[in-house]
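**Q** Sequence:
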Amino acid sequence: MPNTSPINVLLVGGGGREHALARGIARSPRLRKLWVTHPRNPGLADLGHAIDVQVSTRDIYRLESFCDREKIDLVVIGPEDPLADGWADRLATPDRLVFGPTRAGAQIEADKSWAKQLMRAGSIPTAEARSFTDPLASIAYIESRFADDPAVASILDKIKHIARPEDRRATLEAALRLGKVLARREVPPSSDLTLLTARIFPDGPATPVKLETVSKTARAYYDAWVKPRRDLPVLKAAGLAKGKGVILPSSLAEAADAVRRVMVEKAFGDAGKTLVIEERLTGPEVSVLALVDGRTIMLLPVCQDHKRLGDGDTGPNTGGMGAYCPADIIDAGTLAVIEREILVPTVDSLRREGIEYRGVLYAGLMLTHAGPKVLEFNCRFGDPECQPLMARFRGDLITLLEATALGRLDRVDCSWDPRAACCVVLASEGYPDEPRTGQVITGLDEAESLGGVVVDHAGTARDASGRIVTAGGRVLGVTALGDDLPAARARAYEAVERIRFPGMQYRRDIAAGAVAPKTVAQPGA
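The sequence shown maps to residues 162 to 686 in the working numbering.
None of these hints come from the bench; they were simulated from the model.
There is no bait here: all hints are sound.
Straight-line distance between alpha carbons at most 20 Å, and here's what the computed SDA-like set of lysine to any residue pairs gives:
1. LYS405 x GLY473
2. LYS232 x LEU567
3. LYS232 x ARG251
4. LYS232 x TYR222
5. LYS388 x ILE303
6. LYS194 x ASP213
7. LYS232 x ASN164
8. LYS377 x LEU317
9. LYS534 x GLU440
10. LYS434 x ARG291
Each pair of labels, with its calculated beta carbon distance range:
11. ALA312 x SER284: 35 to 43 Å
12. THR294 x PRO445: 30 to 38 Å
13. ALA673 x PRO167: 38 to 46 Å
Note that the Cβ used here is the ideal one computed from N, Cα and C, for glycine as well.
Using the sequences and the hints given, assemble the complete structure.
**A** Below you can see the structure in the form of structure tokens.
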């Protein structure tokens, strides 16, 4: 029988995912007291008690002392960073449970290169990939994939005698600059012309014929490298990059620039020290989340999220601009394949590595013509996928999280609201690069007055006057329940229209065109 005694819970994290989890924890009849590490979030402040110690990996001992003093029975870790930093290892004791994998288990998200090796060893279907720590080698590898393109092959042949990689890159970059100039029919810069003639024709001074050849080479390089391509690989910072470390270049020039930004300019810090260059897959993308207690796997209702900033999946990648649940994109047969060929082998592979994985296993998948393939694994609830999941959850969340941490998932059941849920994320102006903060938010009460609507706080705070203001990139998650997905979507956008703050941006196509879920397709549907 599951435990029924009341317990004290500490919730780690301060975003919309944690607000949604806090709602579920607060509904549990087993909750004695809920403590939160990020009371600056007004939603969390309304539901929990603020801890009185510093929250950081460097000061984790303070959090350990707090848990001892307040007799915390269960720690729920929401974000990936503390999991990757080993907080679960430090906070777990014989008398205190932690929901979330150990540092070793969190590698499945925190180190994409390691995760690729794990999948390769376990014969888990995923995109082909290679990892690099050298930016020049990364660019050379990307170029080599297109050597069968006559234009690209011609350029590579022209510079094949240049031994030093840095000289080769300088030559190619000079050709690109010169090609751009020639495309505008301007006089080419002499420095670029001199560099090209010296590198491409090292034996003696260039003749007018050779200069013409150089110009053609430069123009050909420009045309080949800026040509839009659909078959370019995906570039991924191997470490944690707040959901923004995946780049889908549209040309070889963009790919080279992305390598430079990630590995040389360190746009994602140490997360980009290793770059994973991955085959680009095509097909619908879907998120399959499961609770794992080391051996038992409990599938959760399938969600679909929207990563790109703009409508029609345009713009840069973000942490997520919306999600809906359940997603009817997967039928029961496909879900069984995912469990049998992806989730079970992954848990088995982790165990072979000596990792007893306990927590959320999030599989971001592409449904290709060859079957489901893994794009990425995450070691925690998705954000914003957690919001529609928690809106539909109808069980005792404390008991479920506790059973996961104890290795007793086979002793509990999960129940779900039969209705669909749709979440729309509202973001600050300038997100994801330079979000504008401090903007006053209005209309929250009006939005939540609509039946079936909850508003989860993510990047919000209170100013000196007590007003709720923007304090981050993704500001709010507006989630609505409906009898079917179109109804949930309509209600979510009705609520969105009641909320205002300067520069507010959101996608208007979350769940657009989706068909109402089939109740036989997946668990909880």
